[in-house]
Amino acid sequence: MNYFTWNSMGRGFGILLSLSLIFPLSVGCGPSKMAKDQLEKARKTYEQAKADPNAAALAPIYLTDAENAFQEAEKAGNSDEMIHLSYVAERKAQIAMTIAEGKKAEETIRKLNTETAELLAQKMKLDQQRELESKRSQMEAEQARLAAKVEAERAAKAKAEADMLMKELSELKARQTDRGIVLTIGEVLFAFAKADLSSKADKNVDKLAKFLKKYPTRNVLIEGHTDNIGSDEYNLDLSQRRAESVKEKLIGDGVGPDRITNVGYGKKYPAVSNDTDANRALNRRVEVIILNEGVQAETQLRE
Amino acid sequence: MDGRKRTIQQLIGGVLAVGALLLGGCFPANWPVISKQMISQGEKAINEAKEGNASMGAPDELKAAEEKLSLAKKEFANGWHNNASRLAKEAAVEADYAQAKARSEKEKRTVKEMQVNIETLRREIELQSR
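Protein chains in written order, with our numbering: chain S, 1 to 303; chain F, 1001 to 1130.
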């Protein structure tokens, strides 16, 4: 009985052993369509990763990992195993490509860092330059403002001075012209055909001398004029003598001769028309031009 | 009678042999241990992906990994250790992918931001040099 049993069991075992060898070939090794599709998908992704130059260069270990996983999937013993291993292989190929992408981005970041640093340095330099320029232009503006202030003060002072001069000379009937301050020593100050100063004229010239001594930078141009009675030559000579006598008087009062220029114009420039005695008296005169500071008398001569 | 008995005995023997084959070839004794290991590896990979900010950078992949892991645990509880192992392995590889993707996306975002910055700097420098 025992022998029979073991013997028959052994035989059955033999049959089934040979069956079990055939079984996987007929059932297990025929992968389902789904398994084949999944393997195909994995193959495509793996081939894509293999062709990716970044993956080969930057993620070689992951690429090898993906390759091994794919080869395992190809050798899968049944459909479920193939689906599973294909899934794993596909993801591993994706991981290789993704890691490579990340590494590539890291490389780019390093380059961009350098570039950013360079640009920042460039910008800092420009900022400094701009700051300097703005400081400089501020300083220039400040200087210009100060200069304008000084100039305004100077002008105000000059005007005050001119006003003062005018006031001081008002007694001499001074008037402001573009040639400078002009005052006339005349009217009835010279007698007909005379060059001598009257006593009133004397006083006026004294005042002028006092003024010129107070303002030593102001020079004078003395113009002699006559009425229209007599010849040109006579009147020219007379006018020169009149101017001369004012000059002499000023020198006598202590004004430096180098500050005084005198000229005679004769009857050429009457102040008013010579139609009456009174008017002719007005034309017998000397005009003293108190020159603006720094102005040469020669530039103020009439033709 | 004898022949019939023998046939039955042969059949019993065959069934036992198939059972032994199935048990021996397909269900190794240490499967529960292996699938438990696989599950803990999947968990580890998911945690690493989360630390790598995958919930922001690769939320779909992370979710897929988590779903696979939870399925793996269910299969493990039901005694389907082979399935549990596969699912856990898939969860791990999915989590690895999520982590790689999140990191790569982050680097790519940084590149874009830097390019914008550089462009701005260039414009400013060009304006200033005029």
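Heads up, a few of these hints could be off.
So the derived list for chain S, only partly shown, Cβ under 7 Å to chain F, looks like this [as the list claims (entries may be wrong)]: (1) Leu119; (2) Gln122; (3) Met124.
Chain F side only, calculated, beta carbon under 8 Å to chain S, not exhaustive [claimed, not checked]: (4) Val1033; (5) Met1056; (6) Lys1089; (7) Val1093; (8) Asp1096; (9) Tyr1097; (10) Ala1100; (11) Val1116; (12) Asn1117; (13) Arg1123; (14) Glu1124; (15) Glu1126; (16) Gln1128; (17) Ser1129; (18) Arg1130.
Hints listed in this document are in silico derivations from the structure and should not be mistaken for laboratory results. It should be emphasised that the depicted structure is a prediction, and the values quoted were computed from it without experimental measurement. C-beta: ideal position from N, C-alpha, C; glycine also.
Comparing the hints with the structure gives:
The interface hint given for Leu119/S is met, as the beta carbon of that residue sits about 4 Å from the closest beta carbon of chain F, less than 7 Å. Here the hint on Gln122/S is kept, as its CB sits about 6 Å from the closest CB of chain F, short of 7 Å. With 7 Å as the threshold, the beta carbon of Met124/S stays out of range of chain F, its nearest partner Cβ sitting at about 10 Å, so the hint is violated. Using the Cβ-Cβ criterion of 8 Å, the hint placing Val1033/F at the interface with chain S is not satisfied: the shortest such distance is roughly 19 Å.
For Met1056/F, the shortest C-beta to C-beta distance to chain S is roughly 15 Å, which exceeds 8 Å, and the interface hint is violated. The interface hint given for Lys1089/F holds, since its Cβ lies 6 Å from the closest Cβ of chain S, which is under the 8 Å cut-off. At its closest, the beta carbon of Val1093/F sits 4 Å from a beta carbon of chain S; the interface hint therefore holds under the 8 Å criterion. A least Cβ separation of about 6 Å between Asp1096/F and chain S falls short of the 8 Å threshold, and the interface hint therefore holds.
At about 5 Å, the closest approach between the beta carbon of Tyr1097/F and any beta carbon in chain S falls short of 8 Å, and the interface hint on this residue holds. Because the smallest distance between the Cβ of Ala1100/F and any Cβ of chain S comes to about 4 Å, under 8 Å, the interface hint for this residue holds. Against a cut-off of 8 Å between C-beta atoms, the interface hint on Val1116/F is violated, since the closest Cβ of chain S lies about 11 Å away. For Asn1117/F, the interface hint holds, since its Cβ comes within 8 Å of a Cβ in chain S; the closest pair sits about 6 Å apart.
Look at Arg1123/F: its Cβ only gets to about 11 Å from chain S, farther than 8 Å, so that hint breaks. Of the supplied interface hints, the one on Glu1124/F holds, with its beta-carbon coming within about 6 Å of a beta-carbon of chain S, less than 8 Å. The beta carbon of Glu1126/F comes no nearer than 10 Å to any beta carbon in chain S, farther than 8 Å, and the hint placing it at the interface is violated. Hint status for Gln1128/F relative to chain S: holds, with the closest Cβ pair at about 4 Å, below 8 Å.
A cut of 8 Å between beta carbons decides the hint on Ser1129/F: the least distance to chain S is about 7 Å, and the hint holds. For Arg1130/F, the shortest C-beta to C-beta distance to chain S is roughly 11 Å, which exceeds 8 Å, and the interface hint is violated.
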